[in-house]
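So the chains spell out like this:
There are 2 protein chains.
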Amino acid sequence: MENRKIVVIGGSAAGAKAAARARRLDPQAEITIIQKSPDLSMASCGYPYYVGGTFGERSQLLATPTGVVRDPQFFQKTKNIRAITETECVRIDRDNKQVACRNLQSGDEFVESYDKLVLATGASANLLPIAGRELIGVTTFLTMQDTDFLHDRSVSGEVKRAVVIGGGLIGVEACEALRSRGIEVTLVELEKQVLTFLDLQLGMLVGNHMRSKGVELRTGMKLERFVGDDGKLTGVQLANGETLECQLAVMATGVRPNVEIAAAAGLEIGNLGGLAVNASMQTSDPDIYAAGDCVECTHLLTGKKTYAPMGDLANLQGRVVGENVVEGNVATFPGTIQTVICKVFDFGAGATGLSERTARAQGMTDIETVVNASPDKPGFMGAKLLISKLLVEKSTGRILGYQCVGSGDVSRQLATAAMAVRGKLTLAELCCADLPYAPPYSLAIDHFIASAHIMDNKLKGRLKTITAEEVYARIEAGNPPCFIDGRGPDEHEVLRLGIGEKYIPLGMIRNVLADLPQDKATEIVCFCKISLRGYELARILEGYGYTNVKVMEGGIMAWPFSRER
Amino acid sequence: MENRKIVVIGGSAAGAKAAARARRLDPQAEITIIQKSPDLSMASCGYPYYVGGTFGERSQLLATPTGVVRDPQFFQKTKNIRAITETECVRIDRDNKQVACRNLQSGDEFVESYDKLVLATGASANLLPIAGRELIGVTTFLTMQDTDFLHDRSVSGEVKRAVVIGGGLIGVEACEALRSRGIEVTLVELEKQVLTFLDLQLGMLVGNHMRSKGVELRTGMKLERFVGDDGKLTGVQLANGETLECQLAVMATGVRPNVEIAAAAGLEIGNLGGLAVNASMQTSDPDIYAAGDCVECTHLLTGKKTYAPMGDLANLQGRVVGENVVEGNVATFPGTIQTVICKVFDFGAGATGLSERTARAQGMTDIETVVNASPDKPGFMGAKLLISKLLVEKSTGRILGYQCVGSGDVSRQLATAAMAVRGKLTLAELCCADLPYAPPYSLAIDHFIASAHIMDNKLKGRLKTITAEEVYARIEAGNPPCFIDGRGPDEHEVLRLGIGEKYIPLGMIRNVLADLPQDKATEIVCFCKISLRGYELARILEGYGYTNVKVMEGGIMAWPFSRER
Chain A
40 MENRKIVVIG GSAAGAKAAA RARRLDPQAE ITIIQKSPDL SMASCGYPYY VGGTFGERSQ
100 LLATPTGVVR DPQFFQKTKN IRAITETECV RIDRDNKQVA CRNLQSGDEF VESYDKLVLA
160 TGASANLLPI AGRELIGVTT FLTMQDTDFL HDRSVSGEVK RAVVIGGGLI GVEACEALRS
220 RGIEVTLVEL EKQVLTFLDL QLGMLVGNHM RSKGVELRTG MKLERFVGDD GKLTGVQLAN
280 GETLECQLAV MATGVRPNVE IAAAAGLEIG NLGGLAVNAS MQTSDPDIYA AGDCVECTHL
340 LTGKKTYAPM GDLANLQGRV VGENVVEGNV ATFPGTIQTV ICKVFDFGAG ATGLSERTAR
400 AQGMTDIETV VNASPDKPGF MGAKLLISKL LVEKSTGRIL GYQCVGSGDV SRQLATAAMA
460 VRGKLTLAEL CCADLPYAPP YSLAIDHFIA SAHIMDNKLK GRLKTITAEE VYARIEAGNP
520 PCFIDGRGPD EHEVLRLGIG EKYIPLGMIR NVLADLPQDK ATEIVCFCKI SLRGYELARI
580 LEGYGYTNVK VMEGGIMAWP FSRER
Chain B
40 MENRKIVVIG GSAAGAKAAA RARRLDPQAE ITIIQKSPDL SMASCGYPYY VGGTFGERSQ
100 LLATPTGVVR DPQFFQKTKN IRAITETECV RIDRDNKQVA CRNLQSGDEF VESYDKLVLA
160 TGASANLLPI AGRELIGVTT FLTMQDTDFL HDRSVSGEVK RAVVIGGGLI GVEACEALRS
220 RGIEVTLVEL EKQVLTFLDL QLGMLVGNHM RSKGVELRTG MKLERFVGDD GKLTGVQLAN
280 GETLECQLAV MATGVRPNVE IAAAAGLEIG NLGGLAVNAS MQTSDPDIYA AGDCVECTHL
340 LTGKKTYAPM GDLANLQGRV VGENVVEGNV ATFPGTIQTV ICKVFDFGAG ATGLSERTAR
400 AQGMTDIETV VNASPDKPGF MGAKLLISKL LVEKSTGRIL GYQCVGSGDV SRQLATAAMA
460 VRGKLTLAEL CCADLPYAPP YSLAIDHFIA SAHIMDNKLK GRLKTITAEE VYARIEAGNP
520 PCFIDGRGPD EHEVLRLGIG EKYIPLGMIR NVLADLPQDK ATEIVCFCKI SLRGYELARI
580 LEGYGYTNVK VMEGGIMAWP FSRER
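Here the protein sequences line up with chains A and B, keeping their order.
Take the first sequence: its position 565, counted from the start at 1, is 604 in the numbering used here, and no numbers get skipped.
Take the second sequence: its position 496, counted from the start at 1, is 535 in the numbering used here, and no numbers get skipped.
Because the hints were derived from the structure by calculation, they are not lab data.
Please note that a few of the clues may not be correct.
No distinction is drawn between identical chains; accordingly, a pair holds when it is met within one copy or between any pair of copies.
[Said to hold, decoys possible] Pairs of lysine-lysine, BS3-like flavour, derived with a Cα cap of 30 Å:
| no. | residue 1 | residue 2 |
| --- | --- | --- |
| 1 | K44 | K503 |
| 2 | K44 | K499 |
| 3 | K136 | K44 |
| 4 | K559 | K589 |
| 5 | K44 | K589 |
| 6 | K231 | K344 |
| 7 | K497 | K463 |
| 8 | K344 | K463 |
| 9 | K497 | K231 |
| 10 | K44 | K559 |
| 11 | K497 | K44 |
| 12 | K116 | K589 |
| 13 | K75 | K344 |
| 14 | K497 | K116 |
Can you build the whole structure from these sequences, using the hints too?
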């Protein structure tokens, strides 16, 4: 029998993983990677940290843990895989099971035959359909070449001001990278918040943190055009007519799957624009598989297709494809719960499962949310803050989503929640979860479990809450309730909302009942720094017969709007 | 109707939590805490960090996050709970629903009536049944008083050498605390390893790390007696006759539940010596509940009772009790998966679910394990090492246990695994798990998922492995296989096992086939730093017809025995 011929189009995450996996399972197969870029196996999620100066050696983005650069020679020697770089696939001939390729340097074309073809063609950055984007100084931030450009400009000292357009993952990471190089940065975002995988409140808190680090935020703002002089970028003009001077502009306005050659070959494209694959990562042609940023995959909570161009999923999908092209469809990639995390200066920010926005957009109404703010560890171990939002299905108690931001250990929170979502755990199970506890790592009642406890209280009617967003809307509407801040006087001095709140330290409440509204039906909203004392206050007031007492979820630490101090 | 009377015996973790929870649900109840110690709500898991000097203020162990000490006045003012300290419960009169109490200062006795009684009597430290334990300088490490003693001795400058007896959680934490104060520390442990919630290999790795931090380890060693002079400790004598000079000795030889008054009142005691409770945390008397270190609870994986005196479980159980004493048995604590973590100098170390030892002791045979060593993050983000052991049920693929040690982010690993065990996730699900990935937090394929991938390969027969323990036994038996270390020459210089291995860098293997054993059935064991290249080597050798090739799990980084460099 002849050796199996496997051709992989794309040699970044998914393609390289599929090829390596196939090699391990079939030592005799002829495996070829066709890679458009000069580089292979780039750690593309690490690009912002190279631009920002977390590390200095470009080669670290391309090397194994022992420092060997993963070039064609490496692939040949250690994996017996032929990797052809700076070469693109221009056509798939499904009838003859061949791909036509073109060397980007020489222009030479050649043909490769395959028994199994793997498409790992990745994604391209969306370009804004506005004038001036050809100016020198305007770039996207997706490829190694973009990265080299941004790195060179950042260290050149010639860029004083930069504008980043788009407040998604890449835009936010770009802001941090450029700020780390001492560049003044303005972020322009169409939505009211950054990181729209977060709901508004948490997204605003991340935005506030970015402001505290010197990023100027222009949310709810559209870009009109890039402005230049002599072919060079000199500024960006906003939709309101204002022009922001800058020498560098980064378009971080999302990506779209590269499916042109697949579509031209008649492979099925999904409604979201990505390649359609089944759970075996097989396209509509059984001899062609696909993985990574070019495919759509199933959202495990909605059952619908979603587009999730994430580095970890690309690797996991690549592994499945590598297995299936050798052994038949033995492995599956069931789908994603869209877990995401990013570092934003001193904050971590991430989500898993559904946000409230996504759930409501799906027409889900049997849901409840709660916002919780608390330290990640005991104060004596150097506690840092976590602010999270938990989403559950009311009728079943099943956890559907979790978001978390803050300077505390967000990574552990999200890993915990991702597994809880994947395991379809219910609130009752989360309320008694047995998580790793020791003071260097968490509170005795971990933040995640505490969030479940608050939700449990809320669903059982023991806790009436109001969100910061609802409070703000009430104030804006000129109809504020009676606010009570349960913290001590020293705390008010440092930090306060200034929304007309009364200051009644928790320990004093039983002494000042006469000062409270005498109408027991008055709406009272209690809070404190994180609303734990606010909760105690509320229970005490209820004990004294007040019938309309609410706790503001997350307290002052989760308040995303402007405040007095 | 008269107000409900709730009496809680014990005011540390479980008792204080139960009382506070009951108060929130019933603002009118009369709630009394009877506490033996002078302090309330002590953060007892933080004791080692006070002794070691992580923080300086004793009051931080007793204070709320805003710095208010939780004394009787605090409980009265903020929670309307009467807390009586330095008072012990001496008798439960179930017929009359009364407890008899005695003030430890005055000796005065008094009686409290209850509608519902909560027993949160905690645990006591086991004392070694050997001579000399009354000497000044010999202590346990469980109470605030022990902590004060250890703190005072540690900062006094008079203690040059200390001996810790028992290498469990408390013993290991005591070693670190004392070393942090510049004291020479020897740890004496009866078993062959520290932290017996870990299997031998990982426990030995923790031991090696402790040695590297200057702790002298005497494993497999029994203590004979404490030696003193003029009533003061001067040393400990070991079973081998040797005497270790020391001015301080810490008995950290486990704890036992305090059940004397419960037993005297005829409440059912379990086979493990703890109070027997149902899932509602109710004792054999329906009006008496119990929580915390005095109870036994259900192990969710074995279905059997276990004794798990952990601070987090005490709080979770206390919450359930607080709810049930007010509202009837509405809440349950289903049990534990025995998740545990501790800091050991620069290592984290922990486990969740079953260890191989525990599983085998339960008679389980349908199990498979794998040891994995890999970085927690990309090298360019400052990777640190993780070494873990995964345990699954072979027939179902269900994850039964996970242990992890190392300088990397062990906390996230264990939180992930704890939820996976709790959610009864299978290997197939873990192989495609959607965890939070970004370079500051993890590898694209997280260490936990990589462990699942290795297990998957192993179970599918694609990877034949041998553990370090098996390799060592083969060497000891004088029957070593052919060892191949697949690392580069520069790496051998820095670190090597010296077990007769051949050095064949992965990229060279295809060139040196002639130097390998010509008998294709020869047993060959491949490894490298973490055995990833070892795996590649093995697949290549199999491709060349070798039929008995194995990979040493975890490679050199997981090798717990002595080595050449």
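Which hint numbers doesn't this structure obey?
-> Hint check: nothing fails, all pass.
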